[in-house]
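J.: As they're listed, the protein sequences go chains A and B. Counting from 1138, one number per residue, gives the positions in the first sequence under our numbering. Counting from 1138, one number per residue, gives the positions in the second sequence under our numbering.
Possibly wrong hints are sitting among the right ones.
Copies of the same chain look alike in the list, so a pair counts if it fits in one copy or across any two.
Mimicking DSSO-like on lysine-lysine, the simulated pairs with C-alpha atoms at most 27 Å apart in a straight line are [said to hold, decoys possible]:
| hint | residue 1 | residue 2 |
| --- | --- | --- |
| 1 | LYS1252 | LYS1330 |
| 2 | LYS1140 | LYS1330 |
| 3 | LYS1330 | LYS1175 |
| 4 | LYS1175 | LYS1140 |
| 5 | LYS1252 | LYS1175 |
| 6 | LYS1286 | LYS1272 |
If you are wondering where the hints come from, they were derived from the structure by calculation, not from laboratory data.
There are 2 protein chains.
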Amino acid sequence: MAKIITIGREFGSGGRELGRCLADELGIAYYDNEIITKIAERTELAEGYVAHVMEHSPSATLPITVGRSFYMGADPLLEQNNLIYREQSRLIREMAEQSDCVIVGRSADYILREKEPFRIFVYADMEHKMERCRKRAPEQEHFTDRELKRHIQDVDRRRGRYYQFFTGQTWGDRLNYDLCINTSTGSIPGIVKAVARLVEWE
Amino acid sequence: MAKIITIGREFGSGGRELGRCLADELGIAYYDNEIITKIAERTELAEGYVAHVMEHSPSATLPITVGRSFYMGADPLLEQNNLIYREQSRLIREMAEQSDCVIVGRSADYILREKEPFRIFVYADMEHKMERCRKRAPEQEHFTDRELKRHIQDVDRRRGRYYQFFTGQTWGDRLNYDLCINTSTGSIPGIVKAVARLVEWE
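If we strip away everything but chain A, and leave its shape as in the complex, we get:
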C-alpha cells in the first residue's frame, strides 16, 4: 500500500523541517512550496497571489467583496479561491498517485482521506515557536516580541479558517490526526527517526 504522509503544522513549530527530514529518512518524495508553483503554472496566476489566497479562506474575504459597489452576482474572489482549491486538490491527488510522499499543509489529510494517509500534526508552545521564528527570520525583519506573537497567532488563525472552510473539520483537533507531536522539547532529527519507525510499522 502507498505510503502517504500528510503534515499539518502550527506556524513556527518546525513542521516543514520535520516533513523534509522525514521524507529524506524514508527516501520518498516531499511536496511543500512545489504545490504553489505548480498551481500558479496551471492557473496562470502569480505565485505570490496563489500563496496569499491559499492562506486566506473565502469566508474571510467575502464580506469586503460583497460590500463593493461593482458586485455582480457572483463573487470573483470566491470563484478564484474555489478554482485554486480545485486545482490544488487535483494536483495533490496526482502526486499521491505517482509515488509515496510527504505533503506539508494544503489540507492534504482531507483531500487524500480515501487513501488513508498517515496524518501528523506538529505543534509547539509559543515560546519555542517565537524562538524558531527569530532564528529563521530575514535580517530586515524587526518584529517586537508582541508583534511576532500576534503574527504567529494570525497565521495560525488563517490556516485554521482555511482548513475549516474547505474540510468542515477543526484544524489541529487531535481526532483528525494519527499523531500530534510537540517539538518544544525534542530535537527534530530524534523525532523523525521515531516517526519513520512508526510509519513503517503501520
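Assemble the complex: chain A is given as a structure, and chain B must be docked to it using the hints.
T.: What follows is chain B alone, placed relative to chain A:
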C-alpha cells in the same frame, strides 16, 4: 537524567496496554492500579472507594453535599478527596524518585512537572474505543451501543473534570503533552516500538 513517562488516556483507547508494553520495551517500572492499592493501604480506606473518589472531582460531588441537612461547615467529601489527592501526589513523587517508570493516569504529568516527564496522551475515535471495550468487557456486561457510548463519554468527562480541578489545565489539550497518539489505525506493539525510540532520543 531519569526517564519518567506519563500517560493520559481516553477510556477504551488502549492507553493502559500501551503504557504496560512501553514499560516492558524500555525495561522500566510500570504503575497503574498499584497506586490505588497503595493509597488505600496508607489512608486505610477501601480500595474501591479510593478508585471511585479518584474518578470523581470534588466539584462534581460538592453540590450534593452542600445540599445535605447535616452540613457542618467543612465538607467531608471534599476533605477526603483532598486527602487522597495529597497521598497520591506523595506516592507518585516517591515512585518517580525510586526509578525510571511509566505512570498511567492520576494527573502524574502535572504532579511530576518539575521532573519534566515525557507526557503522552492516548486517544482513539469512538468506534474503535467501543470495539476495544466490547472485547474487554466482562461477560455479564450487556450495554447497548448507545449505553456503551454514553459510558465512555461519562468516564472521560469525569477524568477531564478531575484533572482540571487539581491541575487547572485542560485534559487532552495537546499543549500539555509531548505526544498525542491515535490508536484507531495503528497496532499497539508498533506504536510502542516507535515511542520507545522517541523517548530514548529525547
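J.: It remains to establish, for every hint, whether it holds in the given structure.
T.: Hints, one by one, checked against the model:
1. LYS1252 with LYS1330: both (24 Å within a copy, 25 Å between copies)
2. LYS1140 with LYS1330: both (16 Å within a copy, 19 Å between copies)
3. LYS1330 with LYS1175: Neither. Shortest intra-copy (30 Å) and inter-copy (38 Å) distances fail the 27 Å Cα cut-off.
4. LYS1175 with LYS1140: So LYS1175 and LYS1140 pass the 27 Å test inside one copy only (22 Å; across, 46 Å).
5. LYS1252 with LYS1175: Classified as within; 22 Å inside a copy, 48 Å across copies.
6. LYS1286 with LYS1272: Classified as within: same-chain Cα gap 14 Å, cross-chain 47 Å, threshold 27 Å.
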